[in-house]
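Novice: Residues per chain are reported as follows:
2 protein chains.
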Amino acid sequence: MDYQKRLARLQKKLDRKKLDAILISQPENRRYLSGYTGGDHGIAETSGVLLALRKGRTFLLTDFRFKLQAEKETSGVEVMLYPKGLLELLGRLLPDLGVRKLGFESHYTLHSTAVELKAQLSQKKIALSPQSGLIEAMRIIKDEDEIAAIKQSVRLNEKVFEEVYSSFADYKSEIEVAIAIETAMRRYGAERPSFATIVATGPNGALPHAVPGVDKIQKNKSLTIDMGLILDGYCSDMTRNFVPGKATKRYTKLHRLVRKAQLAGMAGIRAGIRSCEADKCARSVIAEAGYGKYFGHSLGHGVGLAVHEGPSLSGRSKKKLKAGMIVTVEPGIYIPGWGGIRLENMGVVREDGFENFNTNSTWLDI
Amino acid sequence: MDYQKRLARLQKKLDRKKLDAILISQPENRRYLSGYTGGDHGIAETSGVLLALRKGRTFLLTDFRFKLQAEKETSGVEVMLYPKGLLELLGRLLPDLGVRKLGFESHYTLHSTAVELKAQLSQKKIALSPQSGLIEAMRIIKDEDEIAAIKQSVRLNEKVFEEVYSSFADYKSEIEVAIAIETAMRRYGAERPSFATIVATGPNGALPHAVPGVDKIQKNKSLTIDMGLILDGYCSDMTRNFVPGKATKRYTKLHRLVRKAQLAGMAGIRAGIRSCEADKCARSVIAEAGYGKYFGHSLGHGVGLAVHEGPSLSGRSKKKLKAGMIVTVEPGIYIPGWGGIRLENMGVVREDGFENFNTNSTWLDI
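Keeping their order, the protein sequence lines are chains A and B. One point on numbering: in the numbering used here, the residue at position 274 of the first sequence is 274, and numbering is uninterrupted. Throughout, the numbering used here is defined as the position within the second sequence, counted from one, plus 366.
Quick caveat, the hints were computed from the structure, so don't treat them as lab data. Treat the hints loosely; a few may be bogus.
What the hints assert, rightly or not - Keeping only pairs whose Cα atoms sit at most 25 Å apart, straight-line, the calculated DMTMM-like set for lysine to aspartate or glutamate is:
#, chain 1, residue 1, chain 2, residue 2
1, A, K320, B, E411
2, A, K322, A, E309
3, B, K525, A, E176
4, A, K216, B, E439
5, A, K72, B, E542
6, B, K587, B, D536
Isolated chain A (complex conformation):
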């Protein structure tokens, strides 16, 4: 990935916004601009902050624990430690660098941190300017290198699914399936799952974000597996739904309905249409069959360095899709007490349509 090119684009944005520098605290934004993979343990425990100057120098401010990693993973970025904390270092560093106006990521900075930062910098006569989505606006359109990386991630995710599916009878409980999946992911070189793997049997499938438990896999009942991994930084996300044993008529009917909605969603996506229109392509199929109230979430979301990022394929978003956006298409029907069915593919928005990355077809067209 060409980090210098990304930083140069950011510098132009800073120029337009008349900011001398910006602090980048959001982990995927930090990685996008520098290649630094340091993981935060939640927002309150950062593994570092990028300080990008309009005039060109870029610093990675971090602590002792991450020094070697930061130096190893970045180039053209000056690694600097804050033994007395970030605020103290900024109070010394920014005046030296001639920074008079500093941007920060309002959407990834704690309210309490912003208050402290403001107090610290006002002493130095440095103005703070909240920014939102500056880097995300760059990240939302993927270049072909990124698209290739995401395809690799999808391919590996499918390989893992197919391996576990082929020996499915070996697993007795939801958690055993989830462990098998996550173990295979890491064995094949994934950094980690891109989210906690969902394995939901029978009625558990009615919870779209079910947590796999010790519940035994139920014969002849709906089973949902929603899984993704991170490979070289880029995420994948896929849901398959099937029945261990024999599908009931009701299952088959609902599964075909969800699949029909998914195909309609994929057929409707192309550059230039609004997110809400894409959502409607799939939703209207389910609504017309009388199951609209059982499809309570959006059609899909963007995927990249983060497993959930822009754009949102939501009925509430009027934003237009653009070529190079990566999205999931994942309609679902959730019936309390019975279970759920969700089918999820992902791919890239092209000028003339949707390029689906998934090649796995397990149980898709029953």
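Go by the hints and put chain B onto chain A.
Specialist: Coordinates of chain B only, in the frame set by chain A:
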């Protein structure tokens, strides 16, 4: 756990602070007060917010995806959905409930969210009051039920370590060891690891937060395993250091030094001493041997529902330790190019000393 008792304590705090209600967004705080285990996918994707009223009612505000889970896991808490987003719901709900002054968690609310919330509520003439650490101040002292739960978590963590250690020769790379550990954790009923398991061979051990990779386990070199799990919500955290093969004289000397520092740290801890004094008990052992600059982090941290919480056993903290606090004691020496040695136990601060929870003694006293 007695959630009603905890809520009653919170209501008294709200009374003293003249707040009509408070929004609890921090995931462990939410769980501490309600039992709701819903997991956030980062701070920007919440699985719900608790709204606790001074006068007694408590709501869990969440979305469609988490409804069944929220209802199943909580009692005495009213689950309410926000199909049009949290801000819209608050704008309707708070005036109906007579809330005129609302607290929010400044240390777990994004700056951008606070700005939006303020704009929304000022229309309704509701004042916003940033709060910090209200629930953490309750969580920092554990009752005996919690202490028992944490002991169970420590015990299971040691069981997993001992199992993997006993078959250590089976694993070729860092990542294979990490997978074996995390698989065993989940097989034995842990919710998940409490942090990403660290397995660092040879020079990798010089990074206190090393990420396990495909690096082969090096014979006769230092190996660090730092691992923890979550059992029934409560975390454990333990580090062991050993040599697959034969330890060098240098390893043995440094290992004994770190162990001596750990024993001095554990011996020094009791209710009433300052955090910096506890840190110094261990640090001075390492400093006097001439390795002070290789011990770059604090002596330890609190553990509970979060694996990192208060108190911090830091040289910069003058706060006094209190009975019922749970802390780790984890001195380390990190030498770039050579590797690192860290030994970590955890236990509870008692009036007259430190009750160490760890019974595992693998390679501790070599």
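Novice: Run every hint past the structure and note whether it holds.
Specialist: Here's how the hints hold up against the structure:
1. As the CA atoms of A:K320 and B:E411 are separated by approximately 23 Å, the hinted pair is consistent with the 25 Å bound.
2. Restraint check for A:K322 and A:E309: satisfied, since their Cα atoms lie roughly 14 Å apart, inside the 25 Å limit.
3. Restraint check for B:K525 and A:E176: the C-alpha separation of about 19 Å stays at or below 25 Å, so the hint holds.
4. Between A:K216 and B:E439 the CA atoms are separated by roughly 20 Å; this keeps the pair inside 25 Å, and the hint holds.
5. Straight-line distance between C-alpha atoms of A:K72 and B:E542 comes to about 23 Å, which keeps the hinted pair within the 25 Å bound.
6. Among the hinted pairs, B:K587 with B:D536 is consistent with the structure: their alpha-carbon atoms are about 17 Å apart, no more than 25 Å.
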